[in-house]
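Given chain A, put chain B in place with the hints provided.
Number of protein chains: 2
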Amino acid sequence: MTKTSTRLALAALVSLPAVAIAQPAAMPTVDPMVAELRDAALEDELAWELLEGLTTEVGPRLAGTEAEARARDWAVEHLTELGFANVRVEEFTMPTWVRGEEKAEIIAPFPQELVLTALGNSGSTGPDGLEAEVIGYADYPSFLADDPANQAGKIVFISHAMPRNQDGSGYSPAFGSPRWFGPNEAASRGAAAIIVKSIGTEHDRTPHTGNTNFQPGVTPIPAAALAIPDANQLMRVLERADGPVTMKLLLTPRNIGEQVSGNVIAEVPGRNPDAKKLQVACHLDSWDNSVGAFDDGAGCAIVAAAAKRIMEAGRPMRTIEIVWYGAEEVGIWGGRDFAARHDGTDYHAVAESDFGADRVWKVTTNFGEGRRAEADGLRAALVPLGIVPGEYDQAGGADIGPLMREGAPGLSLRQDGTRYFDLHHTPNDTLDQVDPEQLRQNVAAWTAMLAYLSGGIE
Amino acid sequence: MTKTSTRLALAALVSLPAVAIAQPAAMPTVDPMVAELRDAALEDELAWELLEGLTTEVGPRLAGTEAEARARDWAVEHLTELGFANVRVEEFTMPTWVRGEEKAEIIAPFPQELVLTALGNSGSTGPDGLEAEVIGYADYPSFLADDPANQAGKIVFISHAMPRNQDGSGYSPAFGSPRWFGPNEAASRGAAAIIVKSIGTEHDRTPHTGNTNFQPGVTPIPAAALAIPDANQLMRVLERADGPVTMKLLLTPRNIGEQVSGNVIAEVPGRNPDAKKLQVACHLDSWDNSVGAFDDGAGCAIVAAAAKRIMEAGRPMRTIEIVWYGAEEVGIWGGRDFAARHDGTDYHAVAESDFGADRVWKVTTNFGEGRRAEADGLRAALVPLGIVPGEYDQAGGADIGPLMREGAPGLSLRQDGTRYFDLHHTPNDTLDQVDPEQLRQNVAAWTAMLAYLSGGIE
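Residue numbers (my numbering), protein chains in the order written: chain A, 1 to 458; chain B, 1 to 458.
Extracted from the complex, chain A is given alone in its bound form:
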């Protein structure tokens, strides 16, 4: 399946250029050492070993909990064992929310349980739960357009129709607003609670959690995501009911105050300590409902395995800094803490792997016009992996965002997101979902990128 889809994508590429874009210039030639390191990485075993180890021996690792602390200990132990230098943790604290019980039941007219999960920062129903009438909307604009008087005291339900796209573009405000903005808005309008259709693309009874936020002065209400089949079921119940649909919710999450998180940092020291550095990043925390293989154990495994390959090949001119960020899911606390302590202008390039474990399909950069030739050389080094050359003014990542805003040039090795939002923030984000062959292609892409940008390995 994987091989076939790769082949189909390549076939499409071959037939597209004449139609879609002007005839491209010839690609630059690739340094044989870069090519050799890249191709050797297609046999990588380390990324799988790291990913299996982290997800099995630590498991879920919600930011601010003892599980995330165990993950940091695991990370320090294993990054040290691998021979990286300056392995350390930069700790910080942040307010921490933890899940409680979660149950939903249609009381009338068609009694049955529905599967849901609380959104991060959800309020609590209290231990006795909350019973109220449900008012449903097909999408966020319909909810906004309705009179708040119809919503006060009710359980607001908002659906959406998120599309499945390779580039993950369905995860946008057009479809994600029910989760991102719905709870704050519903609370402001006096709703008793809000339930949204999971922001995802599959049809499993594995609801998608994720953060939401209430603005200062707005008291959090219970806020949860229904599994997608359960949201579709609730919509049918609303359509078929002759009278009001009433529901009982039980959600008992808690805020446990300021807790410790931290970023785990390791280095491959460069020959020239004055040269600008490369940073390769991921986030170590996961949601609490899965082992976070796609989000983002794979990213941590990929960047470390690639850096290890460079270290074994010799000494790069530039220092390579590995950062396994903490507390990304719950508000990018690690990325913000790191940027507050470090200077974005110290970096030659920063890059983050945080979109699963499927193959890299496109490379984009925002090095600026002055480094166009370097950006083209990077693209050339990746073509043999089936990676298409992409935009010159785009790069990003949640954790490296703050550094980039300080001036760090970025690049993105974009992963195929076709099935990413089937798994994202669900209990299904497990090692079972990871395709070892695609994971190795990622390691090869990151290895080629580091070999090329590191200023020469001696």
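All clues stand as given, with none of them false.
Just so you know, same-sequence chains aren't split out, so a pair can sit in one copy or run between any two.
The calculated lysine to aspartate or glutamate pairs, modelled on EDC-like cross-linking and capped at a C-alpha distance of 20 Å, are: (1) LYS362 - GLU374; (2) LYS248 - GLU57; (3) LYS103 - GLU113; (4) LYS248 - GLU101; (5) LYS248 - GLU113; (6) LYS277 - ASP346; (7) LYS276 - GLU406; (8) LYS248 - GLU66.
Rather than coming from a laboratory, the hints here were simulated on the basis of the structure.
Below, chain B alone, put in the same frame as chain A:
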């Protein structure tokens, strides 16, 4: 995907006969009325409407509970509305088991929660749960071969490697023994509890429940199925642990004594009340963890929609009896009750739809050699739906099994089971999974079968 796989299957068929079987005889011609009714049924809307109604307005319907009673009320109301004759319920009672809480947690060495669900007839851990060391086996024979002294007082974990097959043949003792026989055997050997890898073929965190049985004199122990990724995770934990793996289980199911279930029966009266009848069957009960769209709401919708088409076309010579059986999942109580009250020799043919909602791919019969020409005519009527002619000595179904053992001839319209055991007995058995086009092909197959076997519609 569906269309493509159908096309591939047909392509394979075209290339196979010369290799696999002798040149077949020419197919008999098909009565134009049978063909017309069959083809019209490809536009069927009733089966979807019944399936959506049952799964939405009733939801899950565990045998012996008030939910199954609501399902019988719903069934009587809708079968009556559709114009069927003699709509009635034959009640019976049976011992009833209901689920309680269910949690599993690895305590050491790698603390994390695992997802599981109790098996029907599981014992309880009591409200405080049970903590013990886990002993794991790759398959049932390894468990059997080990010394019971190694298992006493422990949580026995048994895995398997069930294959995905179109004909569902992976659901056999070779792979299902951990669930079917494991609990009784582990209890006999003094194990504290047993957890098995879900008997299924997917990688979702939606564990597969299902009945197990303890023999008289064997005290039930807690028995549950881990979701498949969780079973794989536990196997990795056992492999990576330096010392004992300990686990805490909480399972609090209860036996609530003798409860009422029942079979819902409806008829299309035949012109000749002395002619042997046709029975088309399904089961109305479902497991408690889903709305039972594949298992077996779809079957009930298909057989009723097909019978309705015959009724609208005129009056068949033979009476068509629709039976929506009760309490199949928990021990085929409905099928056994029906056979005790009725006589298998009163039937010209019996058939049951209980293998999901995907297309019918093969027809088999066991009419006996004296009715070979009739069996061939049936095959001919189904070929235009892409249904291959199958064995002459095979037919079956859980609920019609007891009638067949009394001498009722049977036939099977076998459904594509490629993804059946992804969904079977899991929370994912929802309406979202049903493909309306394949559901219609089923209705067309059942309509053609009834039109052909009913002795002529006038």
